[in-house]
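Visitor: If you read the protein sequences in the order shown, they are chains A and B.
Heads up: the first sequence begins at 90 in this note's numbering, then just goes up one per residue.
Heads up: the second sequence begins at -9 in this note's numbering, then just goes up one per residue.
Source of the hints: derived by calculation from the structure; they are not laboratory data.
Because the structure is a prediction, the values reported are computed rather than measured.
Take the hints with a grain of salt, since some may be wrong.
[Claimed, not checked] Only some residues are given here: those of chain A computed to face chain B with a beta carbon under 8 Å: (1) R105; (2) L231; (3) R402; (4) E403; (5) M408; (6) A409; (7) L410; (8) G411; (9) T413; (10) D414; (11) D416.
[Unchecked claim] What follows is a set of in silico ranges between Cβ atoms, one per label pair, in the way DEER data are often shown: (12) A/N391 to B/N153: 51 to 59 Å; (13) B/K183 to A/L115: 33 to 41 Å; (14) A/S459 to B/E69: 40 to 48 Å; (15) B/A61 to A/T101: 36 to 44 Å; (16) B/E(-2) to A/A470: 47 to 55 Å; (17) B/T51 to A/W111: 27 to 35 Å; (18) A/R415 to B/D16: 34 to 42 Å; (19) A/R494 to B/G24: 26 to 34 Å; (20) B/G22 to A/A470: 51 to 59 Å; (21) B/K183 to A/I474: 31 to 39 Å.
[Stated by the list, open to error] Okay, derived cross-link-like pairs now, DSSO-like style, lysine-lysine, Cα gap no bigger than 27 Å in a straight line: (22) B/K113 to A/K97; (23) A/K93 to B/K183; (24) A/K93 to B/K114; (25) B/K183 to B/K113; (26) A/K339 to A/K300; (27) A/K252 to A/K274; (28) A/K97 to B/K183.
The beta-carbon is built from N, C-alpha and C at its ideal position, and this holds for glycine as well.
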Amino acid sequence: MTIKDLVKISTTSLIRNGVRSWLTVLGVIIGVASVIAMQAIGNGSDESIKKEVRSMGVNVIMIFPGTFRMGGVAQSAGSMSVLEVEDAEKIKETVKTVVAVSPIVQSGQQIVYQTNNWRSNVTGIWADYFTIKAYKVSSGRLLTEREANGMSKNCLIGKTVYKKLFPAGSNPIGETIRVGTVPMKIVGVLEAKGSGTFGQDQDDIILAPLKTVQKRLLATTFIQQIQVSAKSEAKMTQAMADIRAYMLSKPNIISSDGEERFSIRSQSELSSMLGSISKVMILLLSSIAAISLLVGGIGIMNIMLVSVTERTREIGLRMALGATDRDVKIQFLAESIMLSVWGGILGIIFGYLISLLAGSILNWPVTVSSSSILLAFTFSAVVGIFFGYYPAKKASELDPIEALRYE
Amino acid sequence: MKPVIQAENLGRVFDNGTVRVEALKDVNFTIGTGELVAITGSSGSGKSTLLGILGCLDRPTSGNYILDGVAVAGMQNRELAALRNRKIGFVFQSFQLLQRTSALDNVELPMLYNPSIPEGSRKKLAMEALDRMGLSDRALHKPSELSGGQQQRVAIARALVSNPKLILADEPTGNLDSESTASVMEILSGLNKSGTTVVIVTHEPDVAARCRRVISLRDGHIITDQVQESKIFADAIRVT
Ligand SMILES: Nc1ncnc2c1ncn2[C@@H]1O[C@H](COP(=O)(O)OP(=O)(O)OP(=O)(O)O)[C@@H](O)[C@H]1O
Ligand SMILES: [Mg+2]
C-alpha cells in the first residue's frame, strides 16, 4: 500500500462520515486552539510584566509607612508620620548606595482647561523622580531641579491628560490648567508608558513639585512613599539594608506589638511577585488547554473504535485479500492521524485568531511563536497516534474468518 | 499432475474453554493443478472450516497443509497474507464487496497489497478483469446499483485479477437465482478450463453436478471422494 493509497482510503472514509469526522476534528481544534491561545496570552502577560517592570524605573526601592502585606499596605493609625520629607533628605545625604531619592505624594484632583474637565492623579515629586522612573518628555522639557524641589507652579502632564483636555494637534506647552484650585503651567508632556500589569493607565498622570502639591493643593506635610534608585543592581541589597538601618534609627519606629512601622520593597521583588502570579495563571490556563486536547484525543479514540466495529467485515475482507495486520493497523492509524492533523492545522489558525482577539481586548502584546505552533502541531499528531493506536491495533488483531462473518 | 493442495490428516478443534467442537478430523486429500472440485455436506459438516484452512485464513490444529508445494504450518501471519494475495482468489456467498465503492475499485483492492504490481497498471488490470466478466459498462457502479449475479461477477473479477493458482468459493451461488447460478458456474468452469484450480463449497446438487470431482463431508470427516462418471452427462446439460 502506497502513501497515496492510504491518504485516499482515509480521506474517502472520513468524508463518508462527514458530520462525525467534523465533530471529532472540532474536539482537536478546540484543544489545539486553546493551547496556542494560552501560550500567546501567557507570553503576552509575561512581556507586559517585563514592560511594566521597565517602566517602574531603574533599580527602584520603595519605602512605605505601615506593614506591607500581600493584600496591600496596612496603615495603622498615625503611620503617616512615620515617613517624612526629612527622611528623604537624610537618606540622600547619608546612604551612599543610592543615587536618587524622591518623596511622593499622590492625590486625585479635578483638572480643568478652558471648558474641558478631567479627573486625574497629581503626583508631587522631586526632580530625582525622573531619574528613578526613567521619565522622558515627548515635547517641552522636564522640570528643573529648582522647580521640582521648590514651590514652582509648573507641571508635566501624561499623554492621556493631554488627550482629554486639549484638542488633537494643539500645543499644550505654556498653557495653564487648573489642578483642583491651583493654576499650573504645563512645561512638558511625558512620553507614553502604556498600561500597567493590571491595565491601569500610566499616562493618566500629572507630575508637579512636591511642595506645591503638599502646601497649595493638600495643605499637609505628609508623604505616602519615598522612592529611591540604588547605584546599581548589584548594590540593591546593600542599599535596602542601609535604608532599613536608617529607618530603624528613627524614634518610635517599632509599634507596641513589636512590628516595624514601615516596609521596604524593591522593584525586583514586586516584579517577581507579579511574575509568579502570572506564572500560576499561565500554568492554570495551559493545563485547561492540555486537558481539552486530551478530551479531543479521547474523541478520536472513541470514533475510531466505532469505525473499527462498523467496518469489521471490511477488515476481514482486506485480510482475506492479502492485507497484513500491519496494513490494517496503518490504515486506521492514518485515519486517526488525519483527523488530528486537520484538527491541528485548523486549531492553529483558530488559536492564532483567538490570540489576536484576546490581545486587542486585554491590550497585551500577544505573540504566537513559531515554536508554539510547532509544539501544537506535533502535539496533535502525537495525540492522533496515541489515541489512534489502540483502535488500530484492535482492528489488526481481528480474526479474518470471524470478521468476514460479522453482521 | 502437480498437486496444488495436499491435506494430510487435517484436524480442527474449536475449544472455547467450556465447549469443544471437533469441526474437522483426519481429513486427507490431494487436489491437482487444473482440477474442478466440489465440497458438499450437510450444514455444520465442516465445509467452511475446511475452506478457511485451504485459504490460509485459518490454521489446522493438527495435521499438515501443503499449498503449491509449500508447508503452511510454520508460516508467519504476514507470509500467509502474502500467500492469500498471490496464490488464492476468494469468492463468498455474500459477495463481500465494499458497499460504497465502485466495482472497479473493488476489483482493484487485492492489488493494493501486492507491491509487485505497479500502481499505474492497477486500474487497467482491474478493467480487464471486469471486461472478462462482461461488466466493463458497470465499472463505475456501486454494488447497490448491481444485481446479485452482477455483484458476484464483480467478486469473481476481484478473485481472478491477480491470476491466482487457486480459486476458493464458499457457496458462491447461495444467494443467486437459477439463471445467475448458471452464469456464475459457467464462469467458474471457464476459469477452470483455462488452467485455474477451482474448489467450490456447495450444498446444491446442481452445482456439485457440474464438478468432475466431489468430496463429501459429514461431521468433519470425508465420507466420499469420487470422480463423477456423470460428468459427461452434466456437460451435456450445460450445452442445452
Ligand atoms: N469459531 C467457531 N467456534 C466454535 N465452533 C465453530 C466455529 N466455527 C465453526 N464451528 C463449528 O464447527 C462445525 C463446522 O462448521 P462449518 O461452518 O465449517 O460448517 P459448514 O459445513 O460450513 O456449514 P454450513 O453449510 O451451514 O455453512 C459446526 O459445528 C460449527 O458449529
Ligand atoms: Mg459454511
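Visitor: So which hints don't hold here, by number, going up?
Guide: 2, 12, 13, 17, 21, 23, 28
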